[in-house]
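Given only the sequences and the hints, what does the whole structure look like? Please build it.
2 protein chains.
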Amino acid sequence: MAASTRADLTRFLNPRSIAIVGASNDPVRIGGQTIKLLTTFGFKGNVYPVNPKYDTIAGLKCYPDVASVPQPCDVVLVALAGAQVPAVIEQCGKAGIPFAIVLSAGFGEVEDGKSLQAQLKAAIKSSGMRMVGPNCLGVANLSTGFRAGFGGTLQVPTLKSGPVAMITQSGGFGFGVVSSACYYGIGFNYLVSTGNEDDLSMLDWVEHVLEQPEVEIVTVFMEGTTEGRRLIKIGERALELGKPILIWKVGNTSAGRQAVTSHTARLTAGPELFKTVFRHGGFVEVRDIDDLVDVCKAFLGRKLPAGNRVGVITMSGGAGVLLADRCVEAGLSLPKLTDDTRNQLRAVMVPYASPDNPVDATASGYNDNFTAYRKAISIVLSDPNIDAAIARSTRGKGAMPWAEALIEALRGVEKPFLINWGTAPDDNADVLAYLEANGVPCIMAPGRTTHAMAMLHEFAQKHRAWQQRKARTTARIVAKQALDLPAGDGALGEHRSKSLLRTYGIAAVEERLLTPEAIERLTQAPLPFPLAVKIESADIPHKTEAGVVRLNIASLDALKQAAHEILASAKKYKGDARIDGILVQQMASGVEVIVGAINDPYFGPVVTFGLGGIFTELLKDVTHRFAPFDVETAKEMILEIKAAPLLTGYRGKPACDVNALAETLSRVSLFIADHADRVAELDVNPLFVRPAGQGVVAADALLILKP
Amino acid sequence: MAASTRADLTRFLNPRSIAIVGASNDPVRIGGQTIKLLTTFGFKGNVYPVNPKYDTIAGLKCYPDVASVPQPCDVVLVALAGAQVPAVIEQCGKAGIPFAIVLSAGFGEVEDGKSLQAQLKAAIKSSGMRMVGPNCLGVANLSTGFRAGFGGTLQVPTLKSGPVAMITQSGGFGFGVVSSACYYGIGFNYLVSTGNEDDLSMLDWVEHVLEQPEVEIVTVFMEGTTEGRRLIKIGERALELGKPILIWKVGNTSAGRQAVTSHTARLTAGPELFKTVFRHGGFVEVRDIDDLVDVCKAFLGRKLPAGNRVGVITMSGGAGVLLADRCVEAGLSLPKLTDDTRNQLRAVMVPYASPDNPVDATASGYNDNFTAYRKAISIVLSDPNIDAAIARSTRGKGAMPWAEALIEALRGVEKPFLINWGTAPDDNADVLAYLEANGVPCIMAPGRTTHAMAMLHEFAQKHRAWQQRKARTTARIVAKQALDLPAGDGALGEHRSKSLLRTYGIAAVEERLLTPEAIERLTQAPLPFPLAVKIESADIPHKTEAGVVRLNIASLDALKQAAHEILASAKKYKGDARIDGILVQQMASGVEVIVGAINDPYFGPVVTFGLGGIFTELLKDVTHRFAPFDVETAKEMILEIKAAPLLTGYRGKPACDVNALAETLSRVSLFIADHADRVAELDVNPLFVRPAGQGVVAADALLILKP
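If you read the protein sequences in the order shown, they are chains A and B.
Sequential numbering of the first sequence, starting at 160, is according to the working numbering.
Sequential numbering of the second sequence, starting at 160, is according to the working numbering.
Among these hints, one or two may not hold up.
Because identical chains share one entry, a pair is satisfied inside a single copy or across any pair of copies.
Pairs of lysine to any residue residues, derived as SDA-like cross-links and limited to a Cα-Cα distance of at most 25 Å, are as follows [claimed, not checked]:
{"no.": "1", "residue 1": "434", "residue 2": "801"}
{"no.": "2", "residue 1": "812", "residue 2": "705"}
{"no.": "3", "residue 1": "812", "residue 2": "773"}
{"no.": "4", "residue 1": "779", "residue 2": "810"}
{"no.": "5", "residue 1": "801", "residue 2": "771"}
{"no.": "6", "residue 1": "794", "residue 2": "771"}
These are computed hints drawn from the structure, not numbers from a lab.
Next up, the structure:
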């Protein structure tokens, strides 16, 4: 798959010259389209058609083969039938061309193309070339007129140049998004259709463009990746750079996932892991075209809010209430303005205007050329309680003077400011263009405006969280411990699982593993009543289902009786199960939570946390983090589930020991990360969280090894 | 407020002539704007300026007063300072003008306008006129060029005529929405800015336009209404007519709500009740401009799906997966196509196309002028497993022939079909216009397309549910019972509350109300152990909080001890509380639910249902229905909470007695509806739901009366 070190693709996107193998005189054929695209949009590099059948194509000298193409030639575009491609790649390698765009189809994407795919991969490997494709729509750099590919979008003359890159796994769809986004005012530089990714993967491209200073926003249309761990790293790098990756991910099935045993593994489906990556890295998830456009516009205002406190200023009460509602729904807040601000507002607005947030300057703005309205915006933006502001557009003759005075007044203001354009985009279109050219994004609908602001806030917040994580020098809560793990794969018994977890300081209930005979001989209880009695068997990971658990045993007779019964149940459930003994343990109590971890084949170790029982299974109130992580991060996890108040104190009930729970989560994350080579899955379920200061205790645990 | 019988406003919206009081020669003044608007856009009726200062205005004969205006005059538009309005209204009444549009401000919306408001209301009442406003932007009928009002939107020359009506409580915002929606292709007939609603209310207008055959869709921008019960009726009427009301509601605070005591009342906030009305009536909630545009477009396709099964056809795998994802998220399903359909698809498509839903006809469509793609759409639409279809647009030279052949092929197809326009709206704009003119809505983004389809399905489903409710002839589960209710308001004790509920067949635990002395004298338990012991006092509605409950009492001594303790607690909690005795009751078990009801001042009686404890309080997993309702409706309620599997059987646990629970919900709804004049709130909390066949039993209940 992809190289683990970052590929330098600068020349690929900014070539001095490009050879087109399969170039054609027929503009309908792909080989003809490519010539037309590279000669129409101002590309300044050399274009070398390669086709033994012609002397010239479209007035360009045509070469019989790649070997005869003048050097340096940075990129070759291959528009031949698939079967011819591997040989051409080999020739290009010999000719010293470093990069290839293979448009041809008929490889891994079709039933009978696997062997051709293998040949192509071998050719790439032996040639030392880097390739995008095959089966892709090509690569473009709209800022230089370099359009190397085919299809409808690249032929659109009005594609707009700008600081946004698009990397798409679906060429047709992703390029279509680009053409729409350009129509709505977003400008792009690099467009890459990644095709089958038989060499360069989507993430190679994302990694490259993310580092380019001329790229301010990376947009990605993604169907999937197996490089989960690398995706996490890219998300961290995006935060480090303060540059957002707008990600539009489709496909909610998790291909290739191995069969799973634990409860946790069932809760950790592929889409959940992608969501977890996106939620904590420098990604902004987008879900539709407008969404992508709006979020791009908002980021292109080039200001991030210091917090979630938004001031709303309108000339219509209805619009103000609407924007306020939608801000709050989107996780933003509308704080009270300071008395000073309110006094200043009163001084400039008409008497019946409202100086409270959302500020209603009233339609009287139409009588004063929006002067009071414009001043109100500046006053609100200077309020120390406000991190960002949203206002509605004006209309009519006074709109342009208002916009000009506003831009003047906004100089030096470091808080993000978005305008919700209140009418059709063609109403005072010149004002709209003027505002956007001067760094004030105008967004077409109120809910879209508040959403875009929320995305700015979310990214800014993640950026701050990342800086805090970076600044923390928390030592590991427990050093790496050697584990005495048996050879082979599969589940371990409960007693054994808990012993191993104890090595990392994960507390479990007091228990004794006894033989059936030892239980028969007991003359007093091995631990204080009430007790739980269970079968210890690696072959019966789901004990309740098998009927091999008895709880609340209150007497020695009952204990012996219970041991008899569960032995019989175990035999009935699975005749050949190896029985390692009878587990006698103390009953525990507290709030029941589940802590689990899996080692995902693509994303690596990940820890899952939620409340017990139906909260996780039915209400899906769980959260995930990639391991390892520290206690602070664990606390964030605890607080982000919906049922968190049950742990932090709810309706007068005492708070639980959240600190001990957070420590346990961090310990579990270290356990799985340290032993990712052997531990496939683990469940601590239930873990009882006791009142504050009294710790946590695991009542059951299950560890599953891989070979 | 509004009249309870429907006002006939036909002449208001289609006047033969209109008088303008306060007409002006100055086009900047409101009185001048109105003249310009009524003479510019083709209005065929007579326009009579009224102003004693002029002989003519804009070439029209000007009248000195309304009395001298020629008859018949159907509407008067008043553009005077507020203080002059009441007198003018009286004159108009005398002149026999039936309808008034009052643009003037300075009434109830300003601090010192209350007395003027009262004068205006009195003038309206004595004149017999019906009025829109004051403080509104006016009324328009875009199909006749009747634009009676002022402001930016009414001056837009490109407002589009069509079958959609807009009733807005915020003139500036709602009219702005209209101008945007026109830009995006939606056509309107009636526009009404309702202003202060001192006579005609928003609902008067909605009720009127809903009945007009030329109105196919009613859109409403709503800030609030006190006419909750009427809103419910309008929603039912919309279902009866099969005509959607697109409602955009802002304002999430519930003004004017009285102080509440019960748990249920806290769960029944104003926004929840509006949501309940919208969810079950002929409403479609819209939340943004695009949303309104898309849903209008989808309904203007004039076909409703028979179910939620959608076929998706694209020429790009990525787009297909995306549309499929979003369909499923929106509550639609992508069923398997029949073998017959798949065979037909295979016969027309290229070999590497996918005949499975989502169908990927592949980009090969660009080689056959989309012939196979067009056929694939028809084949999928004729699949009996499919209720509706979504396809992506095509582009380039072949797009128009494709569209023409498609429209031909769609003749007679009764299933809704939406196109997701895959590129910018100006790309093949003629094809887009052609498709829409021929009944195929083209929606601009994939998520917006699936959302619009989901709204079609939701409305169709509500329409079917309404027909089913209509067709059911279920008798009441219990006849109206007389209740022996004490005079005065406030809470009743638990025992008394339960006795009253028993009258309606609502089962409660066995219990005895005893005096403290009688308890002292007990020589054996009045009911089998274990027992609960509580204080019976109307003055202590929240018993747990007051410490006057003891559970799981297992002996006579413990019972006496408990009685002592809770008497002491009661005294400590509220020294002057009237103690009606000690309640001794059997312990109950089962799944804990809460059933409650309140009598909302605006919406009337409403029943709330949810699971006990944190499910309702923390997770807000509750549902509401307006009372009364039958057992079938109660079953729908039970199934629509997220935690429903806990009642219907979950992870091998037996199902609860859902039938008995549904009956109880219906009984509670009849109880509160029958006695809405006296019952303010009631809680049955907890109600224990036992395993199937074993019924339900209330362990506690609280009834709160109004005077």
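Status of each hint after checking the structure:
1. 434 - 801: Answer is both; intra-copy 17 Å and inter-copy 22 Å each pass.
2. 812 - 705: Classified as between: cross-chain Cα gap 15 Å, same-chain 35 Å, threshold 25 Å.
3. 812 - 773: Result: close both inside a copy and across copies, 21 Å intra and 12 Å inter.
4. 779 - 810: both (23 Å within a copy, 15 Å between copies)
5. 801 - 771: Intra 13 Å, inter 16 Å, cutoff 25 Å: intra and inter.
6. 794 - 771: within (18 Å within a copy, 28 Å between copies)
Violated hints: none; the structure is consistent with every hint.
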